[in-house]
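Chains as they are written, first to last, in the working numbering: chain D, 1 to 735; chain Z, 1 to 529.
Misleading hints may appear alongside valid ones.
Here are some chain Z residues pointing at chain D (derived, C-beta under 8 Å) [stated by the list, open to error]:
#1 Arg24
#2 Gln26
#3 Arg46
#4 Thr50
#5 Pro54
#6 Lys57
#7 Ala82
#8 Gly103
#9 Asp122
#10 Pro197
Result set (DSSO-like, lysine-lysine): computed pairs, CA atoms no more than 30 Å apart in a straight line [as the list claims (entries may be wrong)]:
#11 D/Lys688 x Z/Lys525
#12 D/Lys472 x D/Lys225
#13 Z/Lys136 x D/Lys688
#14 Z/Lys136 x D/Lys650
#15 D/Lys650 x D/Lys681
#16 Z/Lys57 x D/Lys650
#17 D/Lys357 x D/Lys587
#18 D/Lys565 x D/Lys357
#19 D/Lys31 x Z/Lys176
#20 D/Lys675 x Z/Lys106
#21 D/Lys650 x Z/Lys166
#22 D/Lys103 x Z/Lys170
#23 D/Lys31 x Z/Lys57
#24 Z/Lys204 x D/Lys225
#25 D/Lys251 x D/Lys688
#26 Z/Lys204 x D/Lys31
#27 D/Lys675 x D/Lys688
#28 Z/Lys170 x Z/Lys106
#29 Z/Lys204 x D/Lys227
#30 D/Lys65 x D/Lys103
#31 Z/Lys525 x D/Lys650
#32 Z/Lys207 x Z/Lys176
#33 D/Lys650 x D/Lys472
#34 D/Lys472 x D/Lys681
#35 D/Lys587 x D/Lys565
#36 Z/Lys465 x D/Lys675
If you are wondering where the hints come from, they were derived from the structure by calculation, not from laboratory data.
As the structure is a computational prediction, the values presented were derived from the model and not from experiment.
Glycine residues also receive a C-beta, built at the ideal position from the N, C-alpha and C atoms.
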Amino acid sequence: MMKLPAIKMPAMTLREWDGPLTADLVREPAKFGLGQVPSHLMPDATTTAICGFCSTGCGLKIHLKDGAAVNLTPDPDYPVNLGTACPKGWEALSVLDAPDRAKMPLLHGKEVDWDTALRYFCDKMREILDQHGPEAAAFLSTGQIMFEEMAFLGALAKFGMGMIHGDGNTRQCMATAVAAYKESIGFDAPPFTYADFEESDVLVFIGANPCIAHPIMWQRVLRNKRKPEIIVVDPRTTETAMAATQHYAIKPKSDLVLLYGLAHLIIRDGGVDTAFVEEHASGFDEFVLFLAEFHPQRVAQETGISVHRLLHFAQTIISGTPRVSFWWTMGVNQSHQATRTAQAIINLALMTGNIGKPGTGANSITGQCNAMGSRLFSNTTNLLGGHDFRNPRHREKIAAATGIPVERIPDQPSLAYDQIIKAADEGKVKAIWFVATNPSHSWIDQNEVNRVLDKLDFLVVQDMYCTTETAKRAHLVLPAAGWGEKEGCFINSERRIGYSPKVRRAPGQALADFHIFRLIAHYWGCDDLFRGWSSPEAVFRVLQRCTEDQACDITGINGYEMLRKSGGVQWPLARDESARFEVSSWKERRLFEDGKFYTPDQRAKFVFDAPEAAPEQRSDEYPLVLITGRGTSAQWHTETRTGKSAVLAKMMPEELMLDLHPQDANTLGIREGMKVRVISKRAELTAKARVTNCVSPGEVFLPMHDSRVNQLTHASFDPHSRQPSYKHSAVRVCV
Amino acid sequence: MICDLERSISAGGSAVSIIDAALREQQTLRTPVALFADEYDAKSVRDRFTHLIPLSKPNLGEQYAFEVNLDACTGCKACVAACHSLNGLDDDESWRDMGLLVGTRKQPYLQTVTTACHHCADPACADGCPVLAYDKDPVTGIVRHLDDQCIGCSYCILKCPYEVPKFNLKRGIVRKCDMCQGRLAEGEAPACVQSCPNEAIKIKVVKLDAVPDRGSIVAGAFDSSYTRPTTTYVSSQPPPSAARPADAGRLDLDHGHDPLAWMLVLTQMSAGGFMGCAVAMWLNLLTMQQAAITSAVALAFGLVGVALSTLHLGQPLKAWRAFLGWRKSWLSREIMAFGALPAGGQVIFVTWWLGNMEWMRLAVTGTAVAAAVAVWCSVMVYVDTRRPFWCMTTVAAKFLGTMLLLGVGLCAAVWSWAGMSIALWALAIALVCRWSLSLWEISSYRSALDDEDCDWHKSARVLQKHLSVRIEVRGLLLIAVGLVIPVMIAAGASMPWMLSLSLLMMFGSQLIERLYFFTAAAGSKMPGN
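One chain only, chain Z, in its complex shape (with noise of 0.2 Å):
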């Protein structure tokens, strides 16, 4: 081929239309003829991985599962730029991830493990989801998710406890493995199981009674009972018992949910003030005009907050599908159970309208209970995703505390600013309500720092790490609110300023908590590096 480039040379052009001629010419790309391309029909991948997948599809009572063989693993990550390029991913995106077991000193051990999606037989992703994006297919078992049915809540990310569902910015919505679904489909092995070198991945038939629902799939996997995940490690030397993921040690902050850390404390706040004004009318402590304004104060800022929660979501447009997953999801619960207190306002305001002080009052106490329901639904959210940080009583003392305090609080500045006198009681209960709160969570972490075999000692540990400046500054606030505005009272201060005072207070010392309740849960994950 006589280029372009030569062609000028020869033709004795100026500099100037030698150097064109080359930047043409690099620009150039030639036909795919000229390239050798290759034939239109060669043999399909199809043959190639017929031993690394099954022949068949599965009976009842089967699924199709990843098993990893450990003593091919060599750590190339072939894999994980295969699932990337061959599922045309994001830039950083791929849906295998490689991680590291490695030993003591005693029992020296070095294992990489490749990791996916487990297509658990009881998969916690989906029991999560409050939209219903996710299909377990009846047939092949893959946990498939809907990526136009998603609202990204990323609730799916917090429930699984392999870190798999990952959140892709770009389109506001989760991502994850499908076992490469169509390919299976089609007799075609999934990239991964493709791409690997030595053959470490391959796809196997399991039947879901032998799927186990104890231990843990590899060292450093979290406990199977959860989700019953079906991948298989085998290994010819099984890891010794010391073995550990290599990032055991490492003290990450979580991703923060800023948006869900207002909604949680102001939700909490309203529910609580609901509840003061609730107390106060049934010992007749409020007048109609008193109750309205008290529950009105309350139930704005109950809407500030879950207006502020949908921030969290990627597609916010598709959130009204959020009933959808009531059934198991809690997500779901949550959000409909906090449907209650825009309904209970208007409930209300009609009552408050018609001047019936008795039915106001059924109202106010009816929107309470629905708004303590809709916390007690908070709590189970993350419950339910078995985080230790997130354990049944710290959530529930966490959220229910900040319920009481911030609602005793929000009642005693509301009411100081109406010259009540029963605000210098909500003074005293919100005094003994922080002490103890606080007394509380001193104790709780002090001891689960030392304590190395407590569940939460990681999530310890990555407070005093990362954040254990606000764990001070909690601290000052609590000797502000504790200690230095009720002498201040006691010294004549102007009783509604120091009220508002220590409720902003309170409230920005429960919000820092809340923001650190995610950044230092501390989730599990498959073993990584």
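The shape of chain D in the complex, shown without the other chains (with noise of 0.2 Å):
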């Protein structure tokens, strides 16, 4: 019999002040410190994770009943958000709840269990590595998953399962920044701590938005009380843009020739630190006779920026000094010379001297929550704890912080990722493993990546959601837990590592990354090696011996117990500083205080290269430079995340937007909110234009989160690092 629900008659009073619907929102009061909280999520307990979006790495104190994540706020304890967050890390609860979340394994789309899935992965592998060789398997990775897990997948699919080759998607976000401070500076090092954000006196953004990019850095700037000058470098008048006291809208990809251009008027107007120079970096000559032709007439014809803005621009630096940090990011880094952009800043802040105190510091911001737990421990272009695979002293040292046999550690750095991609396509590569990203979207020149990945012979992702662009395409899917539901370690944009702890259950039958990765490793028959890898804190231990004498030495790091009580700590911290580790007064640290850098020398190295123009200029038939970049803050990426959260949902355009100026609106006829064709030589889309100021004439913006923006994109790299340079595409623009 049907069951009719009870309807609950009103009261009879003519007010009801109080009642279910009243009920629904009553706030009582918490403990914990939080203050007030929504009754129905009424926590009996509170730990602090670190969020597992961007390189921020903010502290997030996770609400907790029976053990379980109910809701979140940020920490106010953590010594990098101070108690705030962006509204992904807001939401970063609820889009675990997605319906799309893989929950079975998938092989050809249809659900298995996890024998059968293991028992393919195994044999597929295993049979095309002994038919084609070491190389003809590969791994793509990420820097969204912890690094103990990052560390197992690289140990495990190089050390036990044989592949030479293995890349992340951090070569999308951060590899220029590792190129270019390891040849600088001599480690990948980014010397700043969030401290220097508040105590500069010039901040100096070239080719960053923290205002929608890091709002919580941001935040940083925002609290410097020396009333600072900051000044953005952006070819569009970005919300960071507005902000900022000076603005350089400076041609796309002018950035390498202002910079050269800034290095020449502070030599020529005194602005050199010529006793730091002398003592602390070499090249330096070499680098002012190289500086000699860019003198500002040419610069202010290249860049677009007058002659008068640019003095304007180095006196600013010079009366800054020694207070001025540079701070960059995917403008500099997704570049076809994007390494040597990224040491033309270091250059600038080498010769006034602009480093290693506080306030200073050429300084890139990281992109992904973990990209740098990736750059040290992911086990593919460097070997763990950024070592050398090719060096035999360093194998020996990893074989023997691991308990992997040496001859088991490849002597030669993996392919970049588009060397992967190319390899795949010439048949070279026959099976890729994907763990937490999405190439089908993200990577330059979509289609093409497409059509090779369709061409592989086995092709595996590992993700959270069985619905991204790549997994769709994969033969096999293996449904993984995310973050909150596992744990293990961060290292962000400052060095900080913060441990995050498993505060939920996944969904189905999906699994944490590391069980994956030690089933896996049991499935192939190599269980011996990875016998103290038992847990994430196990391989964090294994990690800190890698990282012995290294720059990045964190033998010091009292295990997860250390981490959790100290609000994060920044590395190195070697074991014999471990007793002096105090909380209060090693919250901040930032490197080179006594001027001695990582190289050989100790000296920094001044690295310069002549200018060249980008690959895909305009033309009669793409007369516009198309800039791709990031939406707004509460869209993260390929959106696999974001785009699962009805309020961050809110917060985004409904459509695929193209920012275009006024000028070529008139020129093309074309109103607001007209639907518009963008076609790059490469393919077409349509998007709803929005006619405005904040791009140059001549240069059009799509943001990057529209699965089709990058079909557009022209596929060059920076040779130095392969980094994708996805800032200067030519398209034309049709109504």
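Join these two chains into a complex; the hints should help.
So this is what it looks like as structure tokens:
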């Protein structure tokens, strides 16, 4: 019999001040320093996790009920975010409940049990490796999982399964900073701490839009009490540019010329810290010679910035010294001469002595939550702990630290991401195992990469969601637990290692990446190699041993408990420093205070090269430059997670918007809100026009989150970092 | 910690048992102690925000208000997310929104604007609520919504020029920002204040006298004279004069209120029918029986209209309180006035039963007057929202015009079925009404479309963009009703059938108009994206 719902008659009083609907919104005082919280989400305990979206690395206080997370608030005691978070952080839990979470392994789109999936995975990989050699299978991982997991993946694939090649999506975001730092200062070591935002007199942001991309870092800028000059170099008038005191809207990809021009003017106008340069750097004389031709007139012509404004820019740096900090992110990293551009920034900091002091530094703001962990521990380009695969002593050291027989460690580094894709196109790579990344959406010249992926004999995707563009192409999908459903550590932009706990159960049969790797090791039959790798914390200890005597030495960290109690620990912390570690005074540490760099001669190097034009130039047929970048603070990369939150969805435009200057709009007969076609040599898409001064004439902008945008982008790469150049493609726009 | 999985592997378990161990481990959560849980008595959130909220309660003549420092608002939208999370709201519900102001080519400008309820000194939502589901706190001035009192009529949504109250479909009521009054009472900051990385949002005490009653609180916001919003937006660089909301040019359809559209047209037809009946009775053109039939038909349509309007309520069982707001709410008055329809109907029935023509004439006239008053209340319900599309002349002409048109049309149809000759007169009047109403509508639409300064230019553009097909259909209906049917009648087609068809088509035309009356209203709002 059908049961009728009980109809509750309303109260017969004239006004109902209370009742069930009112009760829905009642807030009650909670303990744990939370203040009032919704009654239906009352926690019985709280713990702190590190946010798993961007590299800011905010501490989030997780509200627990019976051990499971029910809500979260930003952690007021965490030294990074001081009690605030951006919308992505606030919504970190809700995206775990999405209906399209991968709950079972999928083989050719059909649900199978783990035993079948793992057997298939191992059989297929072994068949390919046996038949075609160790270069025939590769893994492509991520900056989104914990570094203990990354290390496990890198070690399992290379030492256990015998692969040679593996890379990560960090190639798309941080490879340039890595290459630049390594060559210039001897190690991939961003020198800053977030307090530098607050202690600068001049902050120079180059190709960075922290208001939107790193809102909590921008909070630190606004906490600066020194009334700083904030300079933004960006072709677009971004939110950050609007908030800046000086904005230089350079022509796209004229940043290298601008930076050399500034160096020229700083030398001319006596802004060089001669003592610092003589004592701590090399190659300055050659640099001075090289700069001779970057006179202001030339630079003005090539950048579109007047001579007068160039002088003002240089003067601001000179007068702000020694408290000038330089910050860069994707506008620099994603370009055809990215490494040299980043090094041009490092050069400016070196020549003015703006490094190793409060409020200074040539500072790369990282992208993903664990891009820094990936740089140290992914075991792709570098051997674990920032070591070199080619160096026999390094291989011995890592063998000893990990207990892996040395002959299992390859003597060559991996191919870079684009080279792996190219090798796949040439039929040399037959299988790729993607972990927590979505290249079918995010990789440059997307149609091309999808064509290659479709050629693979075996495509495995290990992800939280079975609906990503890449997972839909996969032969095998391994369902992974997400952030909050597993434990481990992240390293943020300022080298801070933070611990993130497991506070949720994963849906269905999804498993932590760590467990998936452990199971694969078992099914592969290399259990013995990973005997000691029993838990993330055990791997953490293995990795600590790997960093011994490196710039990134973390042997002084006393396990997860120390990380948790001290609000994270910035590397380095060597064993002998451990006893002296004090939470209060060691909360914010910067590098190079003694002027000694990580190069063999302890001197930083001036590295430079002649600027070249971007590979794809405007033409009559494609007269506009397409710049891509982040849309809003509520969106993250390919939106596999942020796309799942209804609250975040409110904060994003409903349609893909193309930013177009009024002058171009006029010429093309385009009005605000019109549907327009954006066409490059490679593809075409439709978007809605937003006519705005925020882009310059001749330039258009599309946010990268829409899955079609990378069909348009032109695939070119920085020769040193192999990072794709997403910021300069030629397009035409028409109605 | 040695885990399940590892133990199983060391024990040399079978593959399946190892997988089971992994799955088991995945589903096991650690105890708070093992998670290094925080101290139970950690420092309270209270101490961190004392500089962003008032230290004492407002005095007499003062109230709490939001103050937004635009210089510090960079559009990160943490306030929107925090409002949702810290208040335990539904999926996509948040009481803060983020908009954007933009400049022009000559005056480039970009400013994000966070916005929530302005806790107005003179809250239009509260004035409009028929059941007094709003309470402006006498001490704090916080405009609080009483969720259990709400009947879900959505009128406050129409009344608020800042798009603050939001309908919650799951619960059938409206919910809105209460400035986290419980938090403030305990000296804690509201969710949005707590969450802003740049401390852009503060709570201030403002003097009620000083709350502006002119201008607008920020570029693109509605004229403050209507509700006297208390939020202040401060900035070291005031927006340029040309700054406008980024969504100013967007021509979106508003939420439709279909049951209300039906209700309005049906009740107006009913009122018109009663009026036609009364006039004919005073002219002694109807017999008692004919008058009874005419008023019965008019009553039936009116009652159907009133009944349909309850479909519009999220909590119809609570609607009996709708009289409570009569002092200020035109909706409350409208609901009471339409109560005259069934009452009038009963009186008419009794007089007919008693066979007293004089009394019946008075009863019909009384009902007609009451219904006309109710229609007037309907007019005021919409005029009182101050939407440009719903200005007095437009709404009055549309509603009263519909009343006359459909009333006469109804009489004509009924009387022709009764074989009465005055049906022809009614037809003639209906034709005059039809042509004049339509021509007036077309010309005012045209001029609103052409004249950028016309108050409802935007509504006209919404009509043109989204609803032009409907306008064309109404044009065809006009030709049919105004030309084809009279010609066919003249050519000898059956009067009763033709007049019924004509009524049906006029009704359809007015219903179409009434549906877009809502969807093309282009209500005002705070700057959006």
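Exercise. Is D/Lys587 close enough to D/Lys565, meaning Cα to Cα at most 30 Å?
Worked result: Measuring from Cα to Cα gives roughly 12 Å; hence the hint holds.
Problem set entry | Hint check: 8 Å Cβ-Cβ cutoff, Z/Gly103 to chain D | At about 7 Å, which falls below the 8 Å cut-off, the nearest Cβ of chain D leaves the hint on Z/Gly103 intact, so it holds.
For this session: Decide if the proposed pair is consistent with the structure: D/Lys650 and D/Lys472, CA atoms, cutoff 30 Å inclusive.
Result: Given that 30 Å is the threshold and the Cα spacing comes to 26 Å, the pair holds.
Exercise. Under the criterion that the straight-line Cα-Cα distance not exceed 30 Å, is the pair D/Lys31, Z/Lys57 satisfied?
Worked result: At roughly 25 Å apart (the allowed maximum being 30 Å), Z/Lys57 and D/Lys31 satisfy the hint.
Exercise. Do the numbers back the hint for Z/Thr50, that is, is its least Cβ distance to chain D under 8 Å?
Worked result: Hint on Z/Thr50: violated, closest Cβ of chain D at ~12 Å, above 8 Å.
Exercise. Can the hint on Z/Ala82 be confirmed by a CB-to-CB distance to chain D that is less than 8 Å?
Worked result: Interface hint status for Z/Ala82: holds (6 Å vs cutoff 8 Å).
For this session: Would you check the hint for D/Lys675 and D/Lys688, treating anything up to 30 Å between C-alpha atoms as holding?
Result: holds, 5 Å
Exercise. Straight-line Cα separation of D/Lys65 and D/Lys103 no greater than 30 Å?
Worked result: Within the cut-off at roughly 24 Å; holds.
Exercise. Between D/Lys472 and D/Lys681, does the CA-CA distance stay at or below 30 Å?
Worked result: Satisfied, since the Cα-Cα distance of roughly 26 Å is no more than 30 Å.
Exercise. For the pair supplied as a hint, D/Lys565 and D/Lys357, is the alpha-carbon distance within the 30 Å limit?
Worked result: holds, 27 Å
For this session: Classify the hint on Z/Asp122 as holds or violated, based on whether any CB of chain D lies nearer than 8 Å to its CB.
Result: Check failed: Cβ of Z/Asp122 comes no nearer than 21 Å to chain D, outside 8 Å.
Exercise. For the hint on Z/Pro54, does the least C-beta distance to chain D fall short of 8 Å?
Worked result: Violated: closest Cβ of chain D sits about 17 Å from Z/Pro54, beyond 8 Å.
Hint violations for this structure: numbers 1, 4, 5, 6, 9, 12, 13, 15, 16, 28, all remaining hints satisfied.
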